[in-house]
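Based on the hints, put chain B with the ligand in the right spot on chain A.
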Amino acid sequence: MHSISIKTIPGIDEWREHARLLLANNIPPDHIIWQGDDNAQMNLLASDMPVFSVDKQINFKISAQILDMINTALCHNGPCRFDLCYRLLWRLKHENKNLLALKTDNDVLAFQKLVKAVRRDAYKITAFLRFREVEKDGYPYFIAWYEPEFFSLELKLDFFKTRFKNMRWSILTPYRAAHWNGENLFLEDNPDPALYPKDDKIEQYWLTYYASIFNPARPKKNAMMSSMPKKYWKNMPESILINNLLKNSQAQAKAMIARDQASRQKSDEI
Amino acid sequence: MDYDKLKIKLEILSDAAKYDASCASGTAGKRKASAQDKKGIGSLTGGTGICHSFTPDGRCISLLKILMTNNCIYDCHYCINRISSDIRRARFTVQEVVDLTLNFYKRNYIEGLFLSSGIIKSPDYTMESMVRIAKSLRLDHGFKGYIHLKTIPNASPELQAEAGLYADRLSINVEMPTEISLAKYAPEKDQGNIHSSMNKLRDKITEHKLDRSHSGRKLPRFSPGGQSTQMIIGADPSDDKIILQRSVQLYNDQKLRRVYYSAFSPIPDASEVLPLKPAPLIREHRLYQADWLLRFYDFQLDEILQGTKDNMLELHHDPKMAWALNNRHVFPLDLNAADKSMLLRVPGLGVTSVNKILSIRRYGSLSWHDLVKMRLPLDKLKPFICVRDYKPPLHLLDTAHLSEMMRKPEQIELFG
Ligand code: SF4
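As they're listed, the protein sequences go chains A and B. Residues in the first sequence are numbered from 8 upward in steps of one, following this note's numbering. Residues in the second sequence are numbered from 147 upward in steps of one, following this note's numbering.
Certain hints may be false.
List of simulated lysine-lysine pairs, PhoX-like, C-alpha gap at most 25 Å [to be verified]:
no.	chain 1	residue 1	chain 2	residue 2
1	A	120	A	238
2	A	123	B	502
3	A	208	B	486
4	A	168	B	185
5	B	335	B	350
6	B	178	A	168
7	A	104	B	519
8	B	455	B	502
Over 12 Å on every C-beta distance to chain A, these chain B residues come out as not near it, computed from the model [to be verified]:
no.	residue
9	181
10	198
11	540
Distance ranges between label pairs, derived from CB positions [stated by the list, open to error]:
no.	chain 1	residue 1	chain 2	residue 2	range
12	A	192	B	241	32 to 38 Å
13	A	145	B	353	27 to 33 Å
14	A	196	B	399	36 to 42 Å
15	B	183	A	14	55 to 61 Å
16	A	204	B	339	49 to 55 Å
17	A	15	B	538	50 to 56 Å
18	B	183	A	15	30 to 36 Å
The set of hints was computed from the structure by calculation and includes no laboratory data. Each residue gets a CB set at the ideal place from its N, CA and C atoms; glycine is no exception.
Isolated chain B, as found in the complex:
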């Protein structure tokens, strides 16, 4: 009987968590139970966590991602849990979450726990229960798996600091790209508050990192996986420039590890200020690609936005291809001579292929046949590169059709 109640809670509280975009576990170093430890369970293997399953929406299941409760005293319009929404409500006890996490972990279903929550009674009351869950997993059960806590906006700095002692990653959602939208869509939340929480966490995280390497005193781990955040795309009118500017700021100023973009997806019983239709997934995808180029490919924001209409990323081309089409004068690029930073700008070459190319170049030169053997996307590469025995026909880069040629066949987008 008890078990069935638990099942219903799980149904409600994981259903409510599925709109959260961050699913994978981040990197938080290695960790395992020591040889003398006769109780502890779990490990962190160093890289990003293992994907233990995939749902039919293509997303990886790595963590038990649940809400502690979907009761909430706030009224954020985009959120299915807001106080004015007419949904079934449920609440886990601290013990239930601890047991579920351990039971799932022991069966090798998950890498750990991703816990967020609606706000019950007060931000501090809620945060305190969440911290108790993490603390019990760590101290009572010696849990060495991954814990991500989504901290509650407006909770006290002391509780946030305590959370950092047990969690591998903390996050606070910025929710909306601009202050105006946040005020409109999440009336009880405040951008200034969110920023100051992020800044405090940032300082703590750096302090703990530094103190481990410099002074003799060893500080405990504090959110070793850093902090991340999430922005909802397409619920408010912000364009891609505004969104990406915001991300750049979050990466630079708040030192976030990761910004997640979540294309607005209609929720049951939606508030009327929201659009009825989902934001196109392809927009979310392009934002992730742009974010990637900014962080790992040395692109500048204005390069990515160059030539865009209304400051929206091109949907037909990925942002790297769009840049290449706008900068045809730098191509074709000689793969046997170009330096790494330029190779990374060639559409169709990722970091792995660039490294392979550099490796081959040390002992010989690349021919077209090498590219075939490396299974590179030749149609995509063709206009932009030359190798020992291949040069693109002169007119190829100049054709007006190049942009169309480079489009992928339209993908059928459900409810696009």
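This is chain A alone, in the form it adopts within the complex:
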């Protein structure tokens, strides 16, 4: 048994370095205990890194697509992700290079589940993150605070760099911040949430828009909840309106029909 502890978050590079060595030295997955830094308890166990010959070459390649999926899965916070990804690698090498086509294999299912969850979480960052504007050195500066479910910020930095290229911004998450000055990106661990501005001059218009675009004759709470579960609400200023909008919707729609009926009756009488 070897135990390996991954000290960085989410630990992609570190894991890959270890996995390459382990694979080259032919260490099967059930001989390794992986520990992540996000799991404090496990850290109490001493790390016991086996001595490998570092320069052993392996001639084993995986497709860019699988590599991308592994990188994505590793951004999950589930403690078994390192183990699962290594086992997958092992089985790809020793058992079946088309392993991922076996859509109902238990490892493949578990892996796909991680990938899907992280992809969704990462997508939601691009969707639900909200910037607030402040002035810094005489220029507009945009700051967002966002709490992703997993460590998925890294996966979307390119998106923000591209879309908001000519803006200067910071995205703060509980574990890491990304700062963009228009040319370079800086990462910083454990940023101070207090940097997030308390308000924004445009936000009230967004709330106005959100409330006005809702059609009270058609409330469909379940549809909304499945696309925008409550866990994301804390990132979104408009979420404070939701309960009231729902509460008033039925009354509003009924009143509208009643009003119409009444006015038609009136004109009938004339």
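Structure of chain B with the ligand alone, referenced to chain A:
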């Protein structure tokens, strides 16, 4: 003070836009500010736009969807903005729309702008202001986000052509399924006119696409996301057959990207030729499903209408299930042998699950347990399929109750 006025305008002009069904942004390719571009903002990521929020009616907010003005000189009965309607009126300036779009975009609220408008002064006057908004966003601000313009019926072809240079998608509403209904409900609009505008846009869009790939001369982008339209359902007496026939024609002849169906929803101060109650949402939903089957599942219209009463889609079953129940003789289908086109006809199997099945089949055969692991809707599938270790009991497909068994528990439909 100024800000408050803006808020009221926004309230009125987004409220008026909410009856429009098309909310998502369509696909219009990729786009971003180049490395040398020191001003531009925004990007198109390739797929359909991101849903930045969801309203409590379950719809995605992807775009700033507003009217430039809700003043209108026309009198379309189904429309809350018609001249005879007694509502608060407002009008944005060109600058206000440009600023709102940019300010919302920079905060990551939206993918872009969806702009429509009532008609002020004349169709051309209105269209010209709308084009100015799009042009200013693109040229003055280097905006790379999504722009959808709802073109004004009866506006000049030149203005429509200019709109195509700045917009990612253009649309013209056909509004009503038939010419007769259009004449009755939208007296100033004319189906012939709408069609000829659509045809002109279609030709431009194809021309620009072709010229980019064939000749050396590079034409500018022209409405790369194509054009779409919207039809109101349940305000006039047209049945589903008439509606779907119309859609098929619009997809085939005008090459539309998308037809949106909008179940008539009562509007305040409604005209008396309209029904008081909303059209059932489930009807709109079934039409979307049928539309989907026609476009992506290789169904023919007569197959979808087979066995319907009064040419109305069944409300209790989705159209694929309805087809399967009418064609029980082709089932049960062996999931380990059937070809892709037949797999796509099995109720409960979508494109993704069909692809998974095909992938598994390349290296082995499917068992019941595989279906469980794939989390397929087994109750729905059960009568229609067989796999290595499962066959439906012989009588299952023949029972008279099958149709009832396959119904979903009634959903509570508000004001249904
Ligand atoms: S032209 Fe458009 S805005 Fe004017 S009444 Fe008709 S549908 Fe409404």
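Hint by hint, here is what the structure shows:
Note on residue 120 of chain A and residue 238 of chain A: the hinted pairing holds, with a Cα-Cα distance of about 19 Å set against a maximum of 25 Å. Distance check on the hinted pair: residue 123 of chain A and residue 502 of chain B sit about 15 Å apart at the alpha-carbon level, within 25 Å; holds. A distance of roughly 54 Å separates the Cα atoms of residue 208 of chain A and residue 486 of chain B; the hinted pair therefore is violated under the 25 Å criterion. With a C-alpha separation of about 14 Å, the suggested pairing of residue 168 of chain A with residue 185 of chain B holds against the 25 Å cut-off.
Straight-line distance between C-alpha atoms of residue 335 of chain B and residue 350 of chain B comes to about 23 Å, which keeps the hinted pair within the 25 Å bound. A distance of roughly 11 Å separates the Cα atoms of residue 178 of chain B and residue 168 of chain A; the hinted pair therefore holds under the 25 Å criterion. Using a Cα cut-off of 25 Å, the hinted pair residue 104 of chain A and residue 519 of chain B holds, with the two alpha carbons roughly 22 Å apart. As the CA atoms of residue 455 of chain B and residue 502 of chain B are separated by approximately 36 Å, the hinted pair breaks the 25 Å bound.
Here residue 181 of chain B does not stay apart from chain A, with its beta-carbon only about 9 Å from theirs, under the 12 Å limit. Not every CB of chain A lies more than 12 Å from the CB of residue 198 of chain B, the least distance being 5 Å, so the non-interface label is violated. Distance check for residue 540 of chain B against chain A: the nearest CB is about 27 Å away, which clears 12 Å, and the non-interface claim stands. Roughly 33 Å separates the CB atoms of residue 192 of chain A and residue 241 of chain B, a value that falls within the hinted 32 to 38 Å.
Checking the proposed 27 to 33 Å range against residue 145 of chain A and residue 353 of chain B shows it is violated: the Cβ atoms sit about 48 Å from each other. With their beta carbons about 59 Å apart, residue 196 of chain A and residue 399 of chain B fall outside the hinted range of 36 to 42 Å. Between residue 183 of chain B and residue 14 of chain A the CB atoms are about 40 Å apart, so this pair departs from the stated range of 55 to 61 Å. A beta carbon spacing of about 51 Å between residue 204 of chain A and residue 339 of chain B agrees with the range 49 to 55 Å that was offered as a hint.
Here the CB-CB span from residue 15 of chain A to residue 538 of chain B is close to 53 Å, well matched to the stated 50 to 56 Å. At roughly 35 Å, the beta carbons of residue 183 of chain B and residue 15 of chain A sit within the given window of 30 to 36 Å.
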